[in-house]
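Undergrad: Single-letter residue listing:
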Amino acid sequence: MSKKILALLLGLIAILAAIVLLKRNKPSADHITIGILQTASFPALDDSMQGFISEIKKELGDKVIIIEQNAQGSIMQAQAIASSFKANKSISGFYAIATPAVQALKSEIKTRPITFAAVTDPIGLHLREEGSNITGATDMADIEKQISILKILLPNVKKVALLYNPGETNSVILVKQMKIALEKYGITYQDNGANSQADVAAAAQHAVQNAQAVLIPTDNTIASAFPIVRQIADKANIPIIATGTAEKEGPLMQFGVDYFQSGVQAAQLMKKMLVDGIKPMDLPIVAPTSSIIISKKALEKYGLEIPDSLKDSVSLM
Amino acid sequence: MINLENVNVEFGEFKALHNINCSINAKDFILILGHNGAGKSTLLDVISGRLTPSSGKILRNNEDISLLSEAKRARFISRVFQNTNMGSVATMTVAENLAMATLKCKTAGFNFAIKNFPQQIVEETLKPLGLRLEELLNTPIGKLSGGQRQIITIIMATLCEPDILLLDEPTAALDPVSTENLLQFVHNFTKNRNMATMMITHAEQQAKFLANRTWVLQKGLLNTGLS
Amino acid sequence: MLSFLPVVVGILERGFIGAFIVMAIYLASRVMKFDDFSIEGTFGLGGAVVAWSLLHNTNPWLALLLGCIAGGISGCITGLLHTKLGLNKLIAGIVVTTMLFSVSINIGGANVALGNAPTVFSALHNSSFASLILLASMALAVAFIFIWYMKTESGFILKSTGINEQFVTSLGKSVPLYITLSLIMANALSALAGGIFVQYSGFFSAFGNVGILIAALAGCMIAELIAINMFIMALFGSIIYQLIIAITIELQVEPSWQKLITGLLIVVILVVKKLENKKIKGSVAA
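Residue numbers (the numbering used here), protein chains in the order written: chain A, 1029 to 1345; chain B, 41 to 267; chain C, 9 to 294.
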């Protein structure tokens, strides 16, 4: 091996060692350190982060030290962060936002507690097997309820377009459930996949041409390009029904999962594990508080009225 | 051995070669003369398979090879280019290049390639030259001078006993001394072989002593009558 | 020091996995001068095939082999698109990557966890060093296979194809064949890395290959900076890259800047290389 490589390697290792030794505090009784791994920067995920931080500060006050990391959508990066977390013994609990983050943490951290938010299918991901150190808040909405309300609000709709990114695991799971519910209520459907934000406009165009309503699951790709979807749907006069977008106006009906609230719930679970010493498996997974929001503007636009049977279960905006 | 029958090459409107008929026999050394753009390189292209003729036939021992790819013809038609880098791999050593040249007569397998190094070349060809090329065997061929490289390239091109060797202005990039050396080498190297040689050159006077036939190309027309 | 060791082990493990992709990039971009974007896609494809295989009770080693074969087929397609249909190299790679995204999510799903399916690492979980040793020996074995291959007759021709296609044709060898062959090998390597990564992390994600290409390119350039034998250096390049990433993580660099850092890293390497070339100008021509 040449001297150059040796010098480069040793130099880098020395820098790393210095940082690790200088920056890491010893675990101490009066502080609790929490490592947060966020998969990527999307509005919903950012909300989960805010919710968690505000709640955990409320619960634990100044005692809490937070180490925030974001994998920026790279799984390799998520794995690298998880491995850094694993080595940092001063961290007593972990918070994972979205599926890849919790999977990366799961593969590295086997004993210290992990909570998650913005994960749709924790059982399918094998997060809750015997002796698991993981619990958290799902964002699985009550799809059947959503479809049943859709049927009451828009009785004439025979065909809906599903608009989502087939590469997002949460969307795939929700769409599967949507299809089951739609079949049950005798509504036909059509898939419109957008693999990236660049494809959203084309997929939305196709969606509005082929159906009487557009149905969007919790989908980060669609959510981040939502303004264009709204524009296209408005032009075509087709209502949008969404499961939680960051957009408050636009969809006729929004079956909102409150991601800020999910973060709050995850923080409460974290406190129960760290402060009260409850085992993760004794803390069941928390379902989201979901509300049905109907847009007044959209109601007027489509000349609709809310039937009496629904008045109690929805809120107008 | 190689016969061209009514070969035409057209690039759109432009006729690069016009109704060429000629035959090349074993032991021939043919000098090809002509102005720039007369079709000299095109003639070699059509023989070596870089170009497919627009019409006409190329026969080898009475077998039509007009549609055979350049790679397939390489087994019996070798070509050396004016650019001294074209005939070898600059980053590899002289020995490695020579070893690789032997792969022309067999399929490339998984033996160590360097084992194919043609040892007899050193004694038979390199040492008698007196140019000390045998001391450069482990030097990357890209570091040799143009003249040295061209000599190695010609040796490489003939390792598998081709029917015909096509030399496309091999001395164009060389200084006068190297040109003299190379021509002398070509002469000694080809005179006792069975193979035919065709050489394009602008150095007619210097190269005349090599040839038994001289052809002249003019605007795509071939005159073979100047033997 | 105890908290430092696991960091280093993690860096080495990810470095060895990354080394396969660095070797793939080296083979395609440097040896064959074919910048193949589909290497990013085949990383995902290999992962998807391995995830699918493991969930269908396949032996984990066999699963890796299947992943490699899938990657090889994909590389073959990229090669044929370029050599037979005449597509531009970049376009061929991008087209195949785009198609592979769909293929991968249909094989592996958007995201799938391996659960308790056995992996090549699952038998080793008792010792923290066993996985590292396994990864290191796999990476070294592959590196030595390539070092050997590059000395064979076939390897000589492959190397020559990237430098002088006319010469390879003059030897009566098929240039398209060797271009395709190199892409098959490069993409099989990348798929192998994807498959190993899935077994290592315990899940497959359709976005798992995001950023792989640039990371491997950085690794490849670091490797070239210190080159002795490229296939061995691929290991070091990849490890050093992971070291740098680990430093940025430990420093808690604002994550949104990390990609800028990777880009800057590449620029710095290029500058250093240029300075070095100036220093030794004249002594090395080729």
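Honestly, the hints are just simulated from the structure, not real lab data. It should be emphasised that the depicted structure is a prediction, and the values quoted were computed from it without experimental measurement. Each hint should be verified, as a subset may be incorrect.
Simulated crosslink set (BS3-like; lysine-lysine; CA at most 30 Å straight-line) [to be verified]:
| hint | chain 1 | residue 1 | chain 2 | residue 2 |
| --- | --- | --- | --- | --- |
| 1 | A | Lys1031 | C | Lys97 |
| 2 | B | Lys146 | C | Lys159 |
| 3 | B | Lys112 | C | Lys159 |
Undergrad: Now tell me if each hint is right for this structure.
TA: Structure-based check of all given hints:
Proposed proximity of lysine 1031/A and lysine 97/C is contradicted: the alpha carbons are some 38 Å apart, above 30 Å. Restraint check for lysine 146/B and lysine 159/C: the C-alpha separation of about 17 Å stays at or below 30 Å, so the hint holds. This hinted pair checks out: lysine 112/B and lysine 159/C have alpha carbons roughly 25 Å apart, not beyond 30 Å.
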